[in-house]
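Visitor: These protein sequence lines map, in sequence, to chains A and B.
Residue numbers for the first sequence follow our numbering, so the first one is 1 and each next one is one higher.
Residue numbers for the second sequence follow our numbering, so the first one is 1 and each next one is one higher.
The set of hints was computed from the structure by calculation and includes no laboratory data.
One or more of the hints may lead you astray.
Unchecked claim - One side of the interface only, derived from the structure: several residues of chain B facing chain A at Cβ under 8 Å:
#: 1; residue: Gly40
#: 2; residue: Met41
#: 3; residue: Gly42
#: 4; residue: Asp105
#: 5; residue: Thr106
#: 6; residue: Gly112
Unchecked claim - Below, computed lysine-lysine pairings styled on DSS-like, alpha-carbon distance capped at 30 Å:
#: 7; chain 1: A; residue 1: Lys41; chain 2: B; residue 2: Lys71
#: 8; chain 1: A; residue 1: Lys68; chain 2: A; residue 2: Lys41
#: 9; chain 1: A; residue 1: Lys37; chain 2: A; residue 2: Lys68
#: 10; chain 1: A; residue 1: Lys56; chain 2: B; residue 2: Lys9
#: 11; chain 1: A; residue 1: Lys57; chain 2: A; residue 2: Lys67
#: 12; chain 1: B; residue 1: Lys9; chain 2: A; residue 2: Lys41
#: 13; chain 1: A; residue 1: Lys40; chain 2: A; residue 2: Lys56
#: 14; chain 1: A; residue 1: Lys37; chain 2: B; residue 2: Lys57
#: 15; chain 1: A; residue 1: Lys56; chain 2: A; residue 2: Lys3
#: 16; chain 1: B; residue 1: Lys57; chain 2: A; residue 2: Lys67
#: 17; chain 1: A; residue 1: Lys40; chain 2: A; residue 2: Lys68
#: 18; chain 1: A; residue 1: Lys40; chain 2: B; residue 2: Lys9
#: 19; chain 1: B; residue 1: Lys57; chain 2: A; residue 2: Lys40
#: 20; chain 1: A; residue 1: Lys68; chain 2: B; residue 2: Lys9
#: 21; chain 1: B; residue 1: Lys14; chain 2: A; residue 2: Lys3
#: 22; chain 1: A; residue 1: Lys40; chain 2: A; residue 2: Lys3
What the hints assert, rightly or not - Covered by chain B, according to a simulated footprint, are these stretches of chain A (three or more residues, beta-carbon under 8 Å):
#: 23; segment: 40-53
#: 24; segment: 68-77
All values derive from a computational prediction rather than experimental measurement.
Beta carbons: idealized from backbone N, C-alpha and C, even for Gly.
These are the residues of each chain, in order.
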Amino acid sequence: EDKVVQSPLSLVVHEGDTVTLNCSYEVTNFRSLLWYKQEKKAPTFLFMLTSSGIEKKSGRLSSILDKKELSSILNITATQTGDSAIYLCAVLSSGSARQLTFGSGTQLTVLP
Amino acid sequence: NAGVTQTPKFQVLKTGQSMTLQCAQDMNHNSMYWYRQDPGMGLRLIYYSASEGTTDKGEVPNGYNVSRLNKREFSLRLESAAPSQTSVYFCASRGLPGLAGGHTDTQYFGPGTRLTVL
Chain A
1 EDKVVQSPLS
11 LVVHEGDTVT
21 LNCSYEVTNF
31 RSLLWYKQEK
41 KAPTFLFMLT
51 SSGIEKKSGR
61 LSSILDKKEL
71 SSILNITATQ
81 TGDSAIYLCA
91 VLSSGSARQL
101 TFGSGTQLTV
111 LP
Chain B
1 NAGVTQTPKF
11 QVLKTGQSMT
21 LQCAQDMNHN
31 SMYWYRQDPG
41 MGLRLIYYSA
51 SEGTTDKGEV
61 PNGYNVSRLN
71 KREFSLRLES
81 AAPSQTSVYF
91 CASRGLPGLA
101 GGHTDTQYFG
111 PGTRLTVL
């Protein structure tokens with residue numbers, strides 16, 4: 001059974017701090033790993049990682065995949081209150097439907 | 001482009017009642033998905049449709065049925081609602097969006113339906 005574990009489950013920081021969110025997985029037929037941000041409603045796509053060791057960046061957010069360790073990290077530098085959200089990690093397995101298995105998420109709260 | 005739309009946004013049912021959640025996408029995607037999200041459990045796949053005319057069970061299909069009406073629409077039906085089905089339901093579709101960016105592996109989510117079964 002495919003499994004995705006995220007840590008920590010929740011995190012409270014102050015504006016300006018840097019945070020690192022972790023995701024580890026056990027998935028047969030791994031294809032890619034995706035990060036989503038969920039505020040009050042639907043998850044919105046952040047990154048997709050397929051190759052090990054290649055960092056994806058978008059502004060203050062960055063992510064990297066380690067296929068050897070079956071894990072990924074999501075870094076957020078100079079956090080802002082608008083970064084407060086649940087961050088979801090999901091792993092995609094091969095197959096015609098490209099099913100995603102989600103972790104339970106990390107709840108990030110950024111205080112002013 | 002509206003992306004992925006879902007109706008209704010909120011619904012309260014009594015145990016044993018039935019209802020259908022509607023989902024539509026205007027991005028010409030082949031694959032569509034239904035998830036439920038419960039506190040502390042992330043999103044779990046209920047059913048999916050890899051292409052028009054096909055549907056398959058996901059992780060938690062019991063108590064649900066689906067219909068892929070056409071390429072745009074994928075509905076989820078609760079025949080006899082139970083309190084354990086109280087959840088937030090998300091529909092998603094997969095593929096390149098009409099906007100810049102994205103990838104065929106990216107799933108795009110609708111706004112969700114908050115369902116309460118009393």
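Visitor: Take the hints in turn and mark each one as holding or not.
Guide: Status of the hints after comparison with the structure:
This hint holds: B:Gly40 has a C-beta 6 Å from the nearest C-beta of chain A, less than the 8 Å allowed. About 6 Å separates the beta-carbon of B:Met41 from the nearest beta-carbon of chain A, less than 8 Å, and the hint is met. Annotation: B:Gly42 was flagged as interfacial toward chain A, and the flag holds, the nearest CB pair being 4 Å apart, inside 8 Å. Checking B:Asp105 against chain A by beta carbon gives a least distance of about 5 Å; that is within 8 Å, so the hint holds.
The interface hint given for B:Thr106 is met, as the beta carbon of that residue sits about 5 Å from the closest beta carbon of chain A, less than 8 Å. A hinted interface residue such as B:Gly112 counts as satisfied when its beta carbon comes closer than 8 Å to some beta carbon of chain A; here the least separation is about 6 Å, so the hint holds. With a C-alpha separation of about 25 Å, the suggested pair A:Lys41 and B:Lys71 falls inside the 30 Å cut-off, and the hint holds. Of the supplied pair hints, the one linking A:Lys68 and A:Lys41 is violated, its CA atoms being roughly 34 Å apart against a limit of 30 Å.
Restraint check: the Cα-Cα separation between A:Lys37 and A:Lys68 comes to about 25 Å, which is no more than 30 Å; the hinted pair holds. In summary, the hint linking A:Lys56 to B:Lys9 is not supported, as the alpha carbons are separated by about 34 Å, beyond the 30 Å threshold. Between the alpha carbons of A:Lys57 and A:Lys67 the distance comes to roughly 18 Å, so the proposed pair stays at or under 30 Å and holds. At roughly 11 Å between alpha-carbon atoms, B:Lys9 and A:Lys41 fall within 30 Å of each other, so this suggested pair holds.
Of the pairs offered as hints, the one joining A:Lys40 and A:Lys56 holds, with about 25 Å between alpha carbons and a cut-off of 30 Å not exceeded. Only pairs whose Cα atoms come within 30 Å are accepted, and A:Lys37 paired with B:Lys57 is accepted, the gap being roughly 26 Å. In summary, the hint linking A:Lys56 to A:Lys3 is supported, as the alpha carbons are separated by about 23 Å, within the 30 Å threshold. Proximity of B:Lys57 to A:Lys67 is assessed by CA-CA distance (about 28 Å); at most 30 Å being required, the pair is judged to hold.
At most 30 Å may separate the alpha-carbon atoms for a hinted pair to count; A:Lys40 and A:Lys68 exceed this at roughly 34 Å. A hinted pair counts as satisfied when its Cα atoms are at most 30 Å apart, and A:Lys40 with B:Lys9 qualifies at roughly 13 Å. With a CA separation close to 28 Å, the supplied pair B:Lys57 and A:Lys40 stays within the 30 Å bound. Distance restraint check for A:Lys68 and B:Lys9: the Cα-Cα separation of roughly 42 Å exceeds the 30 Å cut-off, and the hinted pair is therefore not satisfied.
The straight-line distance between the Cα atoms of B:Lys14 and A:Lys3 is roughly 34 Å, outside the 30 Å bound, and the hint therefore fails. Under the criterion of a C-alpha separation no larger than 30 Å, the hint pairing A:Lys40 with A:Lys3 is consistent with the structure, at around 25 Å. Residue count for the segment 40-53 of chain A with a Cβ under 8 Å from a Cβ of chain B: 6. That meets the three needed, and the coverage hint holds. Restraint check on the segment 68-77 of chain A versus chain B: 0 residues with Cβ-Cβ distances below 8 Å, three needed, restraint violated.
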